[in-house]
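J.: If you read the protein sequences in the order shown, they are chains Y and U.
For the first sequence, the positions run 54 to 166 when the numbering used here is used.
For the second sequence, the positions run 21 to 134 when the numbering used here is used.
No lab work stands behind these hints, which were simulated from the structure alone.
Where hints are given, some of them may not hold.
[Said to hold, decoys possible] Which bits of chain Y does chain U cover? Going by a derived footprint, with three or more residues having C-beta under 8 Å, they are:
#, segment
1, 95-101
2, 119-128
[What the hints assert, rightly or not] Over 10 Å on every C-beta distance to chain Y, these chain U residues come out as not near it, computed from the model:
#, residue
3, Ser-21
4, Leu-39
5, Leu-112
6, Gln-123
7, Gly-126
Model, not experiment: these values are computed from the prediction.
Here a beta-carbon is modelled for each residue, glycine too, at the ideal position from N, C-alpha and C.
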Amino acid sequence: QKEVEQDPGPLSVPEGAIVSLNCTYSNSAFQYFMWYRQYSRKGPELLMYTYSSGNKEDGRFTAQVDKSSKYISLFIRDSQPSDSATYLCAMSAGQTGANNLFFGTGTRLTVIP
Amino acid sequence: SAVISQKPSRDICQRGTSLTIQCQVDSQVTMMFWYRQQPGQSLTLIATANQGSEATYESGFVIDKFPISRPNLTFSTLTVSNLSPEDSSIYLCSVADSFKNIQYFGAGTRLSVL
C-alpha cells in the first residue's frame, strides 16, 4: 500500500464550479500536510500548508485535514481557468518532517471557461 | 520563501553522455534535495545534498549514476551520468524550511535522452 493515495484525474470543471481534491494516507504519524500546485513545465509551488487536523482558508482555497479518517482535501471555490494545473498533496511526520515528504501522484485539473 | 534558480530548464542529450543540473538558492539553507518526477508518478527523492559531506542517497539511486555536489549552503549540482532513454524525466531541486517542515521547489529541468 502506498503511503499516500491521490486520484490522478483528470478532472474537468466549468468556470465558477467548486472543486474538491482529495488524498488519503496510511501513516498515522503524519502531522504536516501540504498542497502544491504545478503548472505545466513548472516546478511545484506551495499553495497551502496545515499542521494537524482542522481547516485552513486562504482566499478561494480551503485545506481540510481529518486525521481520524486519514483524509485531506483541498477545496477551490469559484474556480478560474488560471487554476488549471496539477495539484499534489504532500505530508510529513514529526520533527524531521522537512526532509521526509511523501507525495501523492497529483490530480490534473482543467477549468473550462 | 527562498528563491530557487535551476539551470538548465530543459535539455536534449545523447545516449551515453551526462548532464549536470545546477540549483542556486538566494539564502543559506541547511537541507537541499534532488527529486525525479516521471509522468503519472509521485515525486521520487533521489538524494539529500549535504554541505561538506557526501550526499545521502535513497534506495535505488547510486552515486555513480547521480553524483551530487554541495560546495556551500546556497548551491548544489546533480549530474545524471551515462544517460539512457529511461533517464528522460523532470529533475527538481528543493530546499527545506525546517521550522515549518515544508519544502520549496525550483522550476525543474526537463531532460530528454535520445
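J.: Please name the hints from earlier in the document that this structure breaks, with their numbers sorted from lowest to highest.
T.: 2, 3, 5, 6 and 7
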